[in-house]
Each structure stands twice: as C-alpha cells, then as structure tokens.
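Start from the sequences, fold in the hints, and give me the full structure.
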Amino acid sequence: MISYIIRRLIMLIPVLIGMSIITFSVVHAIPGDPARTIVGDKATPAQIQEIRENLGLDKPAYIQYFTYVKDILRGDLGTSLITKQEIAKEIKPFLAATTELAVVAMLIAVFFGVNLGILSAWKQNSWFDYTAMLIALIGVSMPIFWLGLMEQWFFAQELDLLPSNGRLDPRMEFDAITNFYSIDAIIQGNWYAFQDAILHLILPAVALGTIPMAIIARMTRSSMLEVMRSDYIRTARAKGLGEFWVVYKHTLKNAFIPVLTVVGLQLGLLLGGAVLTETIFSWPGVGRYIFDAINARNYPVIQSGILILATIFVVINLIVDLLYAWVDPRIQYGKGD
Amino acid sequence: MTQTVLEIAELQLHFFTDKGVVKAVDGVSLEVGRGEVVGLVGESGCGKSVTSLAIMGLIPQPPGKVVAGSIQFEGVDLTKISQKELRKIRGDQVAMIFQEPMTSLNPLFTIGNQLIEVVRIHRKVNKSEARKQALEMLRQVGISREGILDDYPHQLSGGMRQRVMIAMAMMLNPKLLIADEPTTALDVTIQAQILDLMKNLNKEFGTSILFITHDLGVVAEMCDRIVVMYAGQIVEQTDRFRLFRNPKHPYTQGLMNSIPKLEDKRERLYSIPGQVPNPHQMPSGCRFAPRCEYVMDICRVSSPELLAVEEGHLSRCFLHQEVKEVATTST
Ligand SMILES: Nc1ncnc2c1ncn2[C@@H]1O[C@H](COP(=O)(O)OP(=O)(O)OP(=O)(O)O)[C@@H](O)[C@H]1O
Ligand code: SF4
Ligand SMILES: [Mg+2]
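Line by line, the protein sequences give chains D and H.
Per my numbering, the first sequence runs over residues -1 to 335.
Per my numbering, the second sequence runs over residues 318 to 648.
Bear in mind the hints are in silico, worked out from the structure with no lab data behind them.
Mixed in with the good hints, there may be bad ones.
Pairwise CB distance ranges (calculated) [to be verified]:
#1 H:Gly459 <-> D:Ile133: 48 to 58 Å
#2 D:Leu223 <-> H:Arg448: 25 to 35 Å
#3 D:Trp243 <-> H:Glu327: 33 to 43 Å
#4 D:Asp158 <-> H:Arg448: 34 to 44 Å
#5 H:His597 <-> D:Arg6: 44 to 54 Å
#6 H:His597 <-> D:Val101: 52 to 62 Å
#7 D:Pro256 <-> H:Arg462: 48 to 58 Å
#8 D:Leu223 <-> H:His597: 19 to 29 Å
#9 H:Asn563 <-> D:Trp243: 44 to 54 Å
#10 D:Leu71 <-> H:Gly459: 52 to 62 Å
Positions of the beta carbon are idealized from the N, C-alpha and C atoms, including for glycine.
Listed below in structure tokens is the structure:
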C-alpha cells in the first residue's frame, strides 16, 4: 500500500506542473498589455508601472514562471489588487466556507444516494424502486439555481422554517477560529450558534447535493444489480448468509467501486456548482470570491483561486484512487505494478 | 438399503419468461443415500444446475418457481419451509460447490474471512476458534501454506480456489454436498486431484455427494449411482456397473460413444447428432426422438415413461417397454 501511495504521489508531479503553467498563463492570456487592461484606460503610467512590478511582468516569461512557482511553494499566492491583502490569508475564510458547504452537500448526496440505490436494487421493481428512481430522474435534471430559488421560496419564505441567506444570523456574536462555523461553534461550546450554522447549511447543501445524490443513487442501483447476479453472491447465499449481510457486506463492497469513481467526479463538479449556489444563498465562499474578482478584473485573485480549486480537484482524485486501492486488493498487485 | 438423505419426488420447476414458460425440470425424482455418491449427467441445458439450485433454494425467483413436487432432506420438505429455515440448513447441512472457481469467491474479502463466515453464520464460536477450524479444513483439502487465510482469491490459481471452495463447503461437515461440475473449468491434472480429494472426503466424513457433470468419464470414477438427464427429464438411472456394462437408453448410449477412448484412432470424436431441443418448443412425443437413431412411429406421438427394465435400472424408452395399446392417434 505504501509503495502504491508513493507511486501515486510521484504521478502527481506532472499534473501539478501542468496546472501551474495553466494558471500562470491566465494573466498572460490577456490580450495586449495585461497591466494596462487590468488597471483600465484611465490609469496613469505610474499606476501601470506599479501593477507591472506587482505582477513581475517586466521580467522574461520563464523567470516570471519560476518566481511564480517559488512563491506558491512558499505559500505566497500574491496580493489582491483591490484590497492589497495577501491572497493566501484573505482566501482562508472563503475556502473554509466552501469546503464546509461542499462536505455537507456531499455527505447528504452520498448517504441518501447510496442508500436509495441499495434499497432500490434490493427491492427491484417494487413501488419503492420506482419512486426512488423517479426522484433520481427528476434530481438529475434539476437546474441548481431553480432548485435553490424554489427552496428559498418554499422553506424560507412560505414556511419560514429555515434561513435563506448567509452562514449565520448576523446578529449573533461569534468568533471564527477555523472558519468552519459548525466546528468553531462546537469548539466554543456555543450550542446555539452550532444549531444556527447547521440550519443555514441545510438549504444550500441540499441544492448543491441533489444532482450528485441522484447520480450516485442511479449508479449504486445499477452497480448493485450487476453484482447481485455474480457467482460469489450465489456462494454467499449458499453459505446460509442472511439477505441483509449478502446485500450490505458482499454486494455493497463490490458495487461501491464504480460508485466511488462517480463520487470523486461529482465532488469535483460540485465545486463548479458551488459558485452558483454561493451566489443564490449569499454564501461567502471561494466561488463568490473568484466571481467578484472576475468582475473587478482582479487577476492575481482569479489566478490563485483557480489554482486552489484545481488543487482541490486533484487532491480529491488522489484520495479516490487511494480509496480504490484500499477497497480493492487487486489494484495494488494489478497492472500498476 | 442405505438410509436416504435426499429424496426428490416429481419435481417440476418452471421459468416464467417473456417468451413463455420453460419447464426446466419436468418431473424429476431421485434419491441420494447416506454416504452415497450420485452422478447427475447430461448435456448442457438439460436442467442439472437448476435441479441442484432448487435443492439449495437458490433458484432466482422470479422468473423461476417450483410448481410441483417435493425435495425431502432428512425428512424435511425443503420446498415447504421458509427462507429462514432454509438458510439454517444450507451451508451447514447441505453445501454446494460451483463450476466457476474463478468467480465463486468474493474478490474483496480474504480467504480467511470467507471461510470463517460459514462457521460464524451457523455456530457460536469466536474468531480465533473459527480461524483454527478454517486452517484445519484447508489442511484437509491439501492447502497447508502459511498465511493462506490472509490471501485474496486473485492470489490463488483456479485449482487452489476450488480447493478453498471445497473447504468452505466442508467446514461444517454437511450431510450432503452438491458439486456442480466442480472440475469442468480446471485442467486435467488438477481435475484428477480435485476428484481424488472429493472421493477421500466422501470416505472419511461419510458425506453424501450429488455430483453434477456432463462428463461420463468423471462419473465412472466417482459415482455409485448415476442419473442421466435429458431436456428436463430423467431418461435413465442405475448403478455405475450396470450403466457402463449395459446402457439402455439410446441417449446414454450416445453419451458413452462420445467418451474418447485411448485405443480409438479415429480423427473425429463421436457426438450425438442434432441439438438439445429448444426449451420453448419441446417435441410432443419422446424428447429425444429428433436425434434418436432407433426412433419409431410411436416415439413421435407418445411420451415414454420412466420404467424399470430390470431390478434397479430405470429407462425412459419405448424400445424396451411393452407398447401398451398403440398410441391414441395414428399417423
Ligand atoms: N434464469 C433463467 N431464466 C429462464 N430460463 C432459465 C434460467 N435459468 C435456467 N433456465 C433454463 O433452464 C434450463 C436448464 O438450465 P441448467 O443451467 O440447469 O442446465 P445445465 O444442465 O446445468 O447445463 P450446463 O451443463 O450448461 O451447466 C435451460 O434450458 C435454461 O433455458
Ligand atoms: S422412445 Fe423412441 S425416440 Fe425416444 S429414445 Fe426410445 S427409441 Fe429413441
Ligand atoms: Mg450447469
């Protein structure tokens, strides 16, 4: 397993290099003089010069690139043009907000998706199966922004059950430590804040998690059905094993392998969906942060934001691959060796 | 007369498919005595596996269903009891090994896990005790390699996996072992080893075996009594000596002729002409009539019954039966 992990980590190096080249080019892809475009037409030559130096645009491209990589490796993501703050520091709360939202959305998607899929396969062709798959079909075809708006209208406005905006009641006294509000609330023993943070999470997380949930449910069902026909499931039954264990031990573990791929992919796509969700629910996450930066032509922030999202994507894929190897003993000994 | 462990009577098993009803097992009756090895022989598709799965209660339902008949195991009719009661019996008193050793073990669990599972389903023993029993059973089937319990199936060869399957089936010393073509997927030398192993287990533990195969050569080596099936029915049934010395049914004779013989230098092996009938369109008279070289007029209109041709020897053929009153219709 250790050697497999090391191998996978080594394979990451070219990916990371490619990624850094792409994000580096973001600024250089701007037509004309990037510095002038960034500051706008009315800028004085002094201002343009300042931007140029800030971005290191006055040096040859390869030097710029190495400087860029060196800075990243030191944890320096540059400075925001608007706030003049260090991006690495500034982005943290936004990142935490997105991560918290994405994790909760994914937990919802995986928990409900996998269980719906299992039960549908187990009770194939029952009314439960039909209902669950209808829900999944609707879920897959639901646009996030529409679902988000409907949620806000129904649960927040009509029923007045759940908050529709932000991460916390603004009147609440609260110190952010990790910026994962639910965790911060627990650390501080602030039960009331914890409750409020969770309530704020529900609507955006459901909006964000619905599509992955539906996709995971369908994938789980078809994968379960396929595994249930296999010889080793017949063997498990022939042993006298109860149906519950046949399904949850022997079938699920095998059926989960393809589901894992889907979970990884969906988690990546979820980051894209987060931009929309964050906008609808005024969720102060990375999506919003980058979105605002694009509007303000705040290139260093765009650059670093993309780099961070891409890194998260790569790390998720790495984790999925390692989970594969952990679930399926054949992988470590297989072709990869 | 030995006691019977298994007694199947007039079993009717149908598959209700989109294209119509398939009578995969049509009135099969057979017995397995205590300590006896009974061979169930026949070409592909004649209903051997389905019969054995019916004993285990493992017929996929739907589309399959036992519509008539009984399967008495130690005096209990397995077709009448609940799934829960059936689960207590299978794996413990009746165990089964399958044709495909490569796919019959779960790839994601260790050999140890899968062996111990059988014990822990049926007995209240702790893990280390179950592990000890698993190691002992593996030794019995000829695997004494250190660390085998922590191996995954993909690390073992086909022959080894089939040994593991046999160990798994024998873990709780079942009264009846059903072996569905256990050696078909293995190469010849491994095949002989596995057959030897099963013979020894039969002698040592007195386990009755229902041995399913399409290979009469294997049957000759293994079985005390032989049941020949064709198209969902039994066509001949007797002990090994009589069957090989004096096969009565033309189908059995055809099977015998297709066994390769060492002294035979002919280029091509004999094989019975024609094909097994389409289960959706069974011939109306004798099911073997389209392929039989002795076919008579009556064979095409009337179905022969399974009757004794001599003491302890049944055959389903008009050739050696008094044709009672010429068939109802004349052609
Ligand atoms: N799930 C099913 N649905 C419909 N028909 C089936 C099903 N399973 C088996 N059958 C029918 O039952 C018949 C007997 O099949 P079975 O598997 O018992 O044959 P077999 O004698 O074991 O052959 P083989 O030597 O190939 O293993 C086949 O003709 C097949 O059409
Ligand atoms: S009954 Fe007729 S067709 Fe059938 S096996 Fe006997 S001789 Fe052949
Ligand atoms: Mg078969």
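Is the gap between the beta carbons of His597 of chain H and Val101 of chain D within 52 to 62 Å? holds, 55 Å
44 to 54 Å was suggested as the range; check whether the CB atoms of Asn563 of chain H and Trp243 of chain D agree with it. holds, 50 Å
Quick check on a hinted range of 48 to 58 Å for Pro256 of chain D and Arg462 of chain H, using CB atoms only. Between Pro256 of chain D and Arg462 of chain H, where Cβ atoms are some 33 Å apart, the hint is violated.
Just tell me: holds or violated, for the beta carbon distance of Leu71 of chain D and Gly459 of chain H against 52 to 62 Å? Once the Cβ atoms are compared, 58 Å apart, the range 52 to 62 Å for Gly459 of chain H and Leu71 of chain D holds.
A range of 44 to 54 Å was offered for this pair. Does it hold for the Cβ distance of His597 of chain H and Arg6 of chain D? holds, 53 Å
Between Asp158 of chain D and Arg448 of chain H, is the Cβ distance one that fits in 34 to 44 Å? The hint (34 to 44 Å, Cβ to Cβ) is violated, given that Asp158 of chain D and Arg448 of chain H are roughly 60 Å apart.
Starting from the range 19 to 29 Å, see whether the pair Leu223 of chain D and His597 of chain H falls in it by beta-carbon distance. holds, 26 Å
Is 25 to 35 Å respected by the C-beta to C-beta distance linking Leu223 of chain D and Arg448 of chain H? Because 34 Å falls inside the window, the suggested range holds.
Against the range 33 to 43 Å, how does the distance between the Cβ atoms of Trp243 of chain D and Glu327 of chain H compare: consistent or not? holds, 35 Å
Does the Cβ-Cβ separation between Gly459 of chain H and Ile133 of chain D fall within 48 to 58 Å? holds, 53 Å
In terms of the numbered hints stated before, the structure departs from hints 4, 7, listed from lowest to highest.
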